[in-house]
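Construct the entire structure; sequences and hints are all you get.
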Amino acid sequence: MKLTINGEDHQTDISILSELLTALEYEGDWLATAVNGELVHREDREAFALSDRDRIEILSPMQGG
Amino acid sequence: MLELYGTSVASRLLLGTARYPSPAILADAVRASKTEIVTVSLRRETAGSRTGGAFFELIRTLGVRVLPNTAGCHTVSEAVLTAKMARDVFATDWIKLEVIGNHDTLQPDVFGLVEAARILSNEGFKVFPYTTDDLVVAERLLEAGCEVLMPWCAPIGSAMGPVNLPALRSMRANFPDVPLIVDAGIGRPSHAAIVVELGFDAVLLNTAVAGAADPVLMAAAFSGAIDAGRTAFLAGMLEPRDMAVPSTPVIGKAVFS
Chain P
1 MKLTINGEDH QTDISILSEL LTALEYEGDW LATAVNGELV HREDREAFAL SDRDRIEILS
61 PMQGG
Chain C
1 MLELYGTSVA SRLLLGTARY PSPAILADAV RASKTEIVTV SLRRETAGSR TGGAFFELIR
61 TLGVRVLPNT AGCHTVSEAV LTAKMARDVF ATDWIKLEVI GNHDTLQPDV FGLVEAARIL
121 SNEGFKVFPY TTDDLVVAER LLEAGCEVLM PWCAPIGSAM GPVNLPALRS MRANFPDVPL
181 IVDAGIGRPS HAAIVVELGF DAVLLNTAVA GAADPVLMAA AFSGAIDAGR TAFLAGMLEP
241 RDMAVPSTPV IGKAVFS
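So the protein sequences, as listed, match chains P and C.
Anchor point for the first sequence: position 52 equals 52 in the numbering used here, and the numbering is continuous, going up by one each time.
Anchor point for the second sequence: position 17 equals 17 in the numbering used here, and the numbering is continuous, going up by one each time.
There's no promise every hint is true.
Said to hold, decoys possible - Computed footprint of chain C on chain P, listed as stretches where at least three residues anywhere in the stretch have a Cβ under 8 Å from a Cβ of chain C:
| id | stretch |
| --- | --- |
| 1 | 18 to 30 |
| 2 | 43 to 52 |
| 3 | 55 to 65 |
If you are wondering where the hints come from, they were derived from the structure by calculation, not from laboratory data.
Where is the CB? At the ideal position from N, CA and C, for every residue including glycine.
In structure tokens, the structure reads:
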């Protein structure tokens with residue numbers, strides 16, 4: 001399955017969002033995720049099934065003005 | 001006390017957290033400023049990185065309220081999604097809404113701003129819109145559900161200070177009961193004092209402190225200037241006049257010739 005993660009192409013067999021995050025070493029309670037422009041809440045990641053060509057955004061806190 | 005969406009704060013300075021020389025200096029500047037609200041942002045995380053987590057932890061230890069922003073968003077959909085992701089991370093329904101309309105001036109796309117403010121207000125967000133000093137846009141933002149307005153006084157990071165005082169005065173006069181926070185363009189403590197003297201309720205700034213030679217000292221300077229400006233506003237200031245008025249009474253003056 002082909003995915004776009006933070007703008008970069010990825011090939012993976014993992015189809016659950018939470019498992020993908022773990023496999024790619026995205027860890028911590030400070031991450032926010034969205035798939036195809038829609039927010040996926042932290043508590044919904046374990047049940048979120050990914051599809052081919054999904055676009056995933058993984059954001060974290062940073063300094064801002 | 002200043003009331004923002006039902007939350008009372010004593011400090012009238014909101015401080016940005018970007019561009020400091022180090023996290024330690026940021027922390028010291030936040031303390032020296034006596035601010036109770038800092039702005040934060042969200043960016044793409046790198047796999048295996050804990051940078052975001054370290055910053056998040058630092059902010060938690062400062063014991064201040066966070067106001068996440070949608071900086072860098074140029075469309076309504078980007079800003080709305082970023083706001084939702086910020087709410088998920090920071091566990092606050094406050095959002096500093098930015099929809100940028102021009103790359104050079106970083107001025108807000110006010111049409112997109114009103115649209116995004118309406119969407120987010122309907123979804124329960126407490127929207128702090130980064131806007132211009134345009135009164136009609138301000139009116140539309142209030143209609144969209146905003147209870148606070150944050151007009152610029154000059155372009156972001158320009159350090160020019162208030163370039164259009166009549167517009168700011170007009171905004172204050174038109175919306176006497178709406179909390180107004182000048183956001184963007186402040187360069188010096190005297191700029192902050194001027195807008196608070198005009199009756200603006202608070203000032204949001206970042207670069208003026210973070211970019212100073214000594215950010216911690218400058219944070220203290222802004223805190224003092226804003227306190228002075230607010231106290232002066234409450235005390236009631238003289239209006240300028242064209243002709244001199246002797247400060248020493250002339251009645252009873254001796255006549256020597």
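Right, here's what the structure says about each hint:
{"no.": "1", "hint": "18 to 30", "result": "holds (count 5)"}
{"no.": "2", "hint": "43 to 52", "result": "violated (count 0)"}
{"no.": "3", "hint": "55 to 65", "result": "holds (count 9)"}
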